[in-house]
Amino acid sequence: MKVSEMLAGAELNQVAGESGNGNGIKGAYIGDLLSLVMSRALEGNLWITIQAHENIVAVASLVEVSAIVVCEGIHVEPGTVAKANELDIPIFESKASAFELAKTMIGLGIQ
Amino acid sequence: MTEEVAASFDYQIEKDDFKIAGSASSHIKKILKQLGLPNPLIRRASIIAYELEINLVIHTLGGSMRLEVHPDRVVILTEDIGPGIEDVDQAMTEGYSTANDTAREMGFGAGMGLPNIRRCSDEFSIRSTLGEGTWIRSEIHVG
Ligand SMILES: Nc1ncnc2c1ncn2[C@@H]1O[C@H](COP(=O)(O)OP(=O)(O)OP(=O)(O)O)[C@@H](O)[C@H]1O
Ligand SMILES: [Mg+2]
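Top to bottom, those sequences are chains A and B. Mapped onto the working numbering, the consecutive letters of the first sequence carry residue numbers 162 to 272. Mapped onto the working numbering, the consecutive letters of the second sequence carry residue numbers 3 to 145.
Keep in mind that the hints were calculated from the coordinates and are not lab data.
Examples of chain B residues lying across from chain A (beta carbon under 10 Å, computed):
1. 41
2. 45
3. 49
4. 51
5. 108
6. 110
Fair warning: this is a prediction, and the values are worked out from it, not measured in the lab. Note that beta-carbon positions come from the ideal geometry of N, C-alpha and C, so glycine has one too.
Use the sequences and the hints to build the structure in full.
And the structure:
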């Protein structure tokens with residue numbers, strides 16, 4: 162499933178990286194501790210987190226996750242948006258919790 | 003016998019510079035991709051470089067990182083100007099961290115960086131002198 166297809170089925174607000182919406186999503190990873198994300202998230206995963214500062218873009222690009230969803234209504238910082246646009250990493254904001262998002266994503270067929 | 007170094011790159015890493023933290027690692031990843039190295043190796047090298055780079059930003063007064071690409075191995079080295087590590091075995095323990103609140107708020111400080119680096123390396127060594135600095139070498143075999 163592409164990021165754009167996932168977007169059509171979930172209530173998310175895209176704040177950056179639209180040029181990466183053609184990325185394919187394979188599974189998801191939920192986590193806020195960056196060294197765990199680095200070692201455990203897999204290429205193509207949708208990454209759900211409450212972290213919103215610039216460093217999530219470097220992590221996302223190194224691990225090659227398909228997109229980042231920042232949950233719990235947390236706003237993404239302008240520096241993060243700029244960097245994500247530069248590196249074509251789609252970032253979404255959501256008011257939902259990580260658990261609610263996980264249910265939505267499973268409902269959409271992301272396993 | 004003189005040693006063949008296919009390529010080497012040096013990076014200067016500043017203390018507390020969270021804004022650009024990760025850019026040296028991103029550059030290292032780009033180089034390894036351009037050289038056509040296999041994806042699993044690139045992933046391990048990316049983890050090693052990122053964890054080393056962030057440690058320089060968070061835990062040191064500044065330092066440098068070096069990538070060496072040899073025909074049979076990729077080596078990533080860091081050297082910093084202090085403060086050094088009092089107990090290296092403790093620092094290598096999963097979950098041990100002295101990261102401050104600012105770093106923790108950003109998601110650093112799980113105490114998993116050094117253990118991740120060792121796990122991703124085929125060869126790993128660390129030397130540290132309190133009051134002087136820390137020297138870390140990580141090697142991944144190619145092929
Ligand atoms: N270059 C260094 N100089 C001084 N101390 C260091 C250095 N690298 C690591 N340390 C010490 O070792 C501890 C463990 O490092 P490690 O990278 O495993 O975890 P962390 O950086 O605290 O958290 P994480 O990497 O999971 O975000 C650090 O908290 C710090 O006390
Ligand atoms: Mg660390």
